[in-house]
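Novice: Residues per chain, in single letters:
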Amino acid sequence: MLSSISSSEKPPLPIPEVVHIRPNYVAWIRNSAICLLIFCLSLEAVTRLAFSRISHIESRIAAEYRAALAVHRTPGITQILLLGNSLPLEGVALPQLQESLKGRAHVARFVIENTEYLDWYYGIRRLFAEGSSPDLVLLCIDATHLKSSKIRGEYSAFYLFQTADILQVAKAADLDLTKTAGLFLGRYSLFYAGRTGIRNFALNHTDERYAESVRNLPPLTGKEQPEMNAEPLDESRLTALRTLCRSHNIDFTLLIPPGFGKSQATLEQAAEASHTNVLIPVHENEFVRTQYRDGYHLNGSGAKIFTERLGARLQTYPKVPKQQGP
Amino acid sequence: MLFDSPVYLLFLLIVVTLYWKLNRNKQNVLLLAASYFFYGWWDWRFLLLMIFSTALDYKLAVVIADTPNARLRKLLFITSLVVNFGILGFFKYFNFFVDSFTSSLAILGITSLPKSVLAIILPPGISFYTFQEVAYIVDVYNKKQEPARSFIDYGLFISLFPHLIAGPIQRPSHLLPQVQNTRRFDPEHVFGGVMLILSGLFRKCFIADNCATLANAAFNGQLGHNVFSLIIGVYAFAWQIYGDFAGYSDMARGSAQLMGFHFMVNFRQPYFASNLQDFWHRWHISLSTWLRDYLYIPLGGNRKGNLRTYGNLMTTMLLGGLWHGANWTFVIWGGLQGVWLSVERLLFRDPSRIGGASQVYKGWIARVITLLVIGLSWVFFRAANLHDAVTMLAGISTVEWRPEYATSMGYLAAITSFGLLLDWRLEQHDEEYIFEKLHPAVPLGAALVLSLIVILFGAMENSAFIYFQF
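In order, the protein sequence lines correspond to chains R and F.
Residue 99 in the numbering used here sits at position 99 of the first sequence, with consecutive numbering throughout.
Residue 696 in the numbering used here sits at position 370 of the second sequence, with consecutive numbering throughout.
Any given hint could be a false lead.
[Stated by the list, open to error] These stretches of chain F come out as covered by chain R in the derived footprint (C-beta under 8 angstroms, 3 or more residues):
#1 515–522
#2 733–740
#3 763–775
No lab work stands behind these hints, which were simulated from the structure alone.
Glycine residues also receive a C-beta, built at the ideal position from the N, C-alpha and C atoms.
My request is simple: use the sequences and hints to build the entire structure.
Specialist: If you want it as structure tokens, here you go:
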């Protein structure tokens, strides 16, 4: 009985061996690559769709860029395109200027902070190539920016440079190959071009006090922040700007911002030598320190006077004194 | 081509894709061409110098190995050392010695000499590839290493692009056989490479570049000169240089792993070191072991009595300091390391013999003292010159609080806590990248989270790695 019972029993199951299953790393490499690709594409999409809406700076620049492209000559109304960096951004009260020119002229502003001569020389080329056609281009940069061979970097590549111009820009700005390659990527990717802005935005929203304290770091000792000297300027850059605009049958005027020192005189000399129009609403050393936010950018009261005088000068356009060149 | 730039990642992707489609010989040719392209991208003018230096050592090593004439072997060996160190010395130290010499004469009132005769530009990576060539020629001379019989193989050993500009300095016995043998595609190894690259990007773009803002502000005097700015500056720089170099090393090792190579670990949680000797077992390991094997031990190491040992330690660390750059600040940095290593050897050889606190407390006290010594020496490492270093240290006597110090310290604490947690995990689990020993989904998930942090908060300005200047 026992044996029959015994014989009817199933043989004991073998104890399963502990098998270490090696993960399929090929699949995980593929997954990583796919994740990375989706991640990068999402970043670009989020930057273009969301960041340019939630960031005041980015939304302003994107809107001004579109407005600059939409400028077309209209009979009876002078179309003015105001370009530059933080100087016109803070120094020109746009609504006040629009109001003062109502019915005579329309001003479209396109300004990007930390931009200089090369940014705008190539920027104007791109704006014209993409269809912007104002009557007058008004570029507001100071002598330091006109002399400088720096560029804003990838951000300028996105908004200001044409792909075909990038090698020329890199050569003019003496960039190495890595930075040049970065410009090509920045030309097409807003995320890459605007990554510093994204970081600043994130930092401002997570640790505002730290962001504020970094912004307020004192300048390096022994270095004047805006280098204002009276060295003669090479007029070829102004000639290049004027020639570029003239080739599209557009007037070009250099709007000289107020400041301290002797740089206005050198700018005027260079403008005269290059037969370039200049507008000087406020003379150098005319404003006192209290009309500047930081000794460089105008504050509200300074901007009000500057804009008032600028509006008055522009009302006479096209009778703004013209220096005819070759 | 900086490792954290998109163009490098594109370059790497193209090279790796082509690489695994070829056989070993063609792989080596491709990698040598890619490495020379990579070097030429930095500065094509110095490519010929590197090729000349490589070719010379390749030929000399073969002759040294093949000739039975002992005198000729020695002559060729010395020739190689003179040429290698001569090139390095000329490019790296010429300006330093000329400037120091003219400054010394100025003290004596002789000022009519020109300040500097020539402005010599430092070829990228020269300190690293020279040390690798010297290690090779020494090993061949000592019959510890068979010479490479193919220029392609030797050229690749010297110039393989992931280690070319800033190491890790590879040993001939470790890398040359890998170059000479067939590499196998190991998916786990490749996956590890991807994780190391992402980990390196996090260390560089998030930790190092964020700390750099405060380190630069403190060392440039923008935070004032007092004890708090000193603390902020030293702490920020300590994490900047660690994140920068360890991040670079991770990316170099990760890039190499994508092609089936293995590079030695260059950093092993150095700020957990319990003494300076331990620190040097964890920090820039490829340099510290090189100095140990090719300088400290040949000098006699610790085999010739205490006094000689201290002398050897000092010599090794002083030259190690000078290797970093032609500046007296690096000499003092090396000197401080040498002095403290000697002090440790003299007083704390056996910490258990020191009475008082329990072992746990002793361990932590030792760590804190080690960090203080390292921090003090970082002041000399970071300062632009001796005057700046002394000014920075003199701040210790001034206590002057500013509200922005609190925000800076809070920010630093937040940034570096990521580094500490990362290192703690690696230390506890003996991992090379975070969650290495868990299912791949876990490290991949972590990498994505870290990437998001880098994207939102990383500086990503493609600032050059600190060690590229050495």
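Novice: Could you run down the list of hints and mark each one as holding or not?
Specialist: Each hint, compared with the structure:
1. 515–522: holds (count 3)
2. 733–740: holds (count 5)
3. 763–775: Since three or more residues must qualify, the claim that chain R covers the segment 763–775 of chain F holds, with 6 doing so at under 8 angstroms.
In summary, this structure violates none of the numbered hints.
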